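Peer 1: Protein chains in written order, with our numbering: chain A, 45 to 351; chain B, 140 to 623; chain C, 90 to 435.
If you are wondering where the hints come from, they were derived from the structure by calculation, not from laboratory data.
These numbers come from a predicted model, not from an experiment.
A portion of the hints provided could be inaccurate.
If you only want the chain A side, here are some residues facing chain C, beta carbon under 10 Å, derived [as the list claims (entries may be wrong)]:
1) A135
2) G145
3) I274
4) V277
5) Q314
Among chain B residues calculated to face chain C with C-beta under 10 Å, some are [what the hints assert, rightly or not]:
6) E470
7) N476
8) W495
Idealized CB from N, CA, C, for every residue including glycine.
This is what each chain is made of:
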Amino acid sequence: METEITAFMASAVRVATPLLLAALGETVAERGGVINLGIEGAMLAGALGAAIGASAGGPWAGVAAAVVAGLVVGALFALVAVVAGAEQIIAGTATTLGCIGLTGVIYRHHYGPGGVGLTLPTFPATAIPGFSALPILGPLFRQSILTYAAFLLAPALWWLLWRTRWGLRLRAAGEAGLQARTRGVPVRRVRTEGVLLGAALAGLAGASLVLGQVGTFAERMTAGRGFIAIAIVALGGWNPLRVLPAALFFGAALALQYVLQAAVPAVPYQVVLILPYLLTLLVLTTAAGRAKAPADLGRRAASVEGD
Amino acid sequence: MTDPLRLTGISKRFGSVVALQRVDFRVAPGEIHALLGENGAGKSTLMKVAFGLTRPEAGTITLAGVEYPFVTPVIARRHGVGMVHQHFTAIPALSVLENVTLAAGWRPGRSAWLRLRDTMSEAGITLDPDTRAGDLSAGQKQRLEVLQALAGKTSVLLLDEPSSVLSPPDAEALLDLVRRSRDRGVAAVLITHKLGEALEYGDSITVLRRGAVAFTGPADQVTRHVLIQHMLGDAPPAPVTPPRCNPGAVRLEVANLSVDPLGGTGTGLRQATLQLRAGELVGVAALEGNGHRELLRCLAGLVPSSGGSLQRSGVVSFIPEDRTTEGLIGEFSLTRNVALIRGTPAPWLAGPWIDWSQASQHTASLLARHAISALGPDALAGSLSGGNQQRLLIAEALARDPAILIAENPTRGLDVQAATLVSQRLGEAAAAGVAVLVFHPDLDELLSIATRILVLAGGRLHEAKVGATRDEIGRLMLGEPDAA
Amino acid sequence: MRPERWRALTALGLALTAGLVALAVSLTLTGYDAASALSALWLGGFGTSEGLLSATLPRAVPLILIGLGLGVAFRGGALNIGAEGQFYAGAGVATWIGLSLGGWPRPVAVALVLLGGAGAGLLYGLVPVWLRLRFGVLEVISTLLLNFVAEGVISYLVQGPLMEPRHIYPQSALLPLAARLPLWTGTRLHLGMALALTLAVGIWVFERRTRPGFMLYAAGVNPSAAWIMGRIDTRKVFALALLASAGLAGLAGGAEISGSTYALFQNLSPGYGFTGIAVALLARLHPLGIVASGLLFAGLEAGAGAMQRDAGVPAVIVSVVEAAIILTVLLGDAASRRRLSPATGI
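Based on the provided sequences and hints, a complete structural model is requested.
Peer 2: Have a look at this one:
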């Protein structure tokens, strides 16, 4: 029983890592008032970038390529949704669509039509001395370097958003673009920067999926994880420190489905898949859950800025 | 020591309306300078020029000795200009601390907290740094606005009618604060229409009238009487001859009507009682934030009352103040805008169907009958000039054969010719038996068209006596009926 | 022709050109023969009666139905991105109803299946409406979340209560003949297309000629003028617009089951709910235009299959084309907005 629990916990953390990275990135973008449905595409691009980079120059090259790929996708989305001020939802959907197509084509071009059996150099599990020997909790401290990075990023981003001038300006732009502008905040610029940072993290999320979890690339392999990240952001109240447990919760639910399928076939495993979304909706209906959403979320930059 | 703020030869027009003409204005270090004038005299526009919210067509702005053709809020802040706006500019979702930190350009964190504490103790303001700005009371919000303007290194504070939206104790506390800041060397410009306030707190006073400086000088060398002369104009008060009217049946009757303030600022409407009769053209005189919007919109059925009774008979037509965002949909054709107006009785609106070709003919005939110049009924509403937009709205409002017509500042932003035409239409409507209620910020205009005048001050409705002079009504609006 | 219509058509032409250029460029860069790929795409999507009638038109039915609904929703100011989930709600309930109507007369059974689908979608749409009006939860987020919930429920249904009798495949049994929409003989084109076209004309008439349709329009463009001048309750308009789109997405789910697949399974929708957004946008929400853009997108996807089969080009490449078209439309709109109302200069 104990080994099953530890195995489950380790797999939950592993599954949660890409979700956490993507959700942290989306938190930054949404704090600036931009809901980026293109995050799914950025993640997919990151995953492919990681695969190509890693097969050429090892895992670190994969990480670098993934971040660059995420940034490119983020720049495209930002150009349409922030600079041109188009409808964010539609721009994001189109961005993701384009990424699905491009990654598919590039992947097949690069690895042949089948592309099967691609094995990539991945990050090995790095044990943290002392902690990794703990009973039950031990496996949590034998994770890939990207997992540790994701966990450290949560407080780092909290600090960025709440303890720096840039973070305050970004949040001001996301809460009330018009007032922020009378306070001298260059709204479009900080929003673009927020989107770019978010997309870079989404690219990193794709890298962690490929290099820390699966070890290969497949078309459409993100399978909606970018959209799950958007749900996690809402559950985490747009705060990186709460996004962390929210991502773990979603990761645990995804990991639990396999355990449940094997252990208790009588209970439909879909219940644990659905629960996190229902819980997120429930949290959003409470006054506390609602109040945290940035007030200008999804609003066109153009209408906010009065031109 | 250089003057913190000096404006030279500032001119500004909005469309064809001259808002400011060659205005010189100077604030000396460490003085409170009262900027006095009626609504529309150009006070707020002048301060917006100084703070960089509006660009002047001519003139220069000199901030702490540096001359600019125009400035932006960022430049103004850098030279120590802080502005307290009439409306709430803090970001509701951010805390007091975050709003002040953002305004001052500090780095968030403990150091900002300490600086806020210092600023608060210097200013004598206490606010909880962690409260969300949106949860503050109206008075606290105003204090937050002041903190935002004072934080950082501020050498001159621009206060846009601070007392018009505050309760008397809050206003007094604020003005005492301005005085204490003055004693620490922070100059202030106090925009106000209240004589008493200008005389009590001002070291210097400048009076603006119709976009030009009517008077400027030290406060202790001028009397209340002289100031009134300058504010209201030195032309002898023309004997007011109200248009004749034979009031008919009562069309609207209101008793003890109260309405909560719209947008959370101002006084709202407090227990108003009035009657409107057919054939009357009743003017509402009020300064901004004293309840006129609440009164008109509640009578038009757009906002609920919080108490009292309201009885109307017949169709009510309403013309909102902001034509472009509330009266018309600029992206729609004229025909569509006409069709939008509810209650338009027309054969082309039978049941759920709209016959656009008939609607278009109807619109075309409106255009022709009221000499509205437009490319045709298919022209976009946003392409019309302000005067033509307003004429269309009035034409359609009257085409509905209303018993009551309520118009909010119907000549706003129009040139003299267009404004005269609009006023004429309202007069004709009243003569034809419509009960007309009009708010207008310009007392002269109101007096020239209204058959009687109601005054709103502090949310209370008063009836001006028959034959009241311009000065008397003006003082009633200022809440000082006995001054003279 | 009116200048704004002329501008819209120019923008559309530009967008389609951008899509083609994107396709040609990505084909050439990845070393495929652009000419043979394009010809395979054309023949598979539009150029042959087989491609047109059995691949493109059946695919167009759900896209048109969902696009029509989203056109109404967006026009009324409701950002429904949950058409995917509402489609599944409709498909699930339609399957359940259809499986139990074996002995019924065909017209009645089919009508019940379709109505069941539409009703289920509508009920599913009530959730985000209620969450928005009662609790202020943004519909963008709630509809996105509800997509996952619907997919989870479908996954459960096809492995549980609705699983085919032999319990081998994760899909439902095939619908009885009585519950299937009639086909045009010799093709896979079903009567759902007639339904979609009728609804398109109906919605067009509704939006152009009726007061409620006009109110929907006005409330979406300028809610405050709609309220002050027209006394239009914008909350009500929001609710009805979202519900209409949810109902149409549910109907699309029902029609897909009853007309195309005859069975429910996971991944029944290849992203219809999201492509539907693009379909509506490309047509600028115009109902008749939505028919055309639905056909275009369906043809692209059908042709993509042929392109993969005949020219060895991966079918996903059409997503690049679709994305290029949408992004160009968005950029063109932004440019014309700027030209029409220059910045105020503050």
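Peer 1: Would you pick out the hints that fail for this structure and give their numbers low to high?
Peer 2: Violated hints: none at all, because every hint is consistent with the structure.
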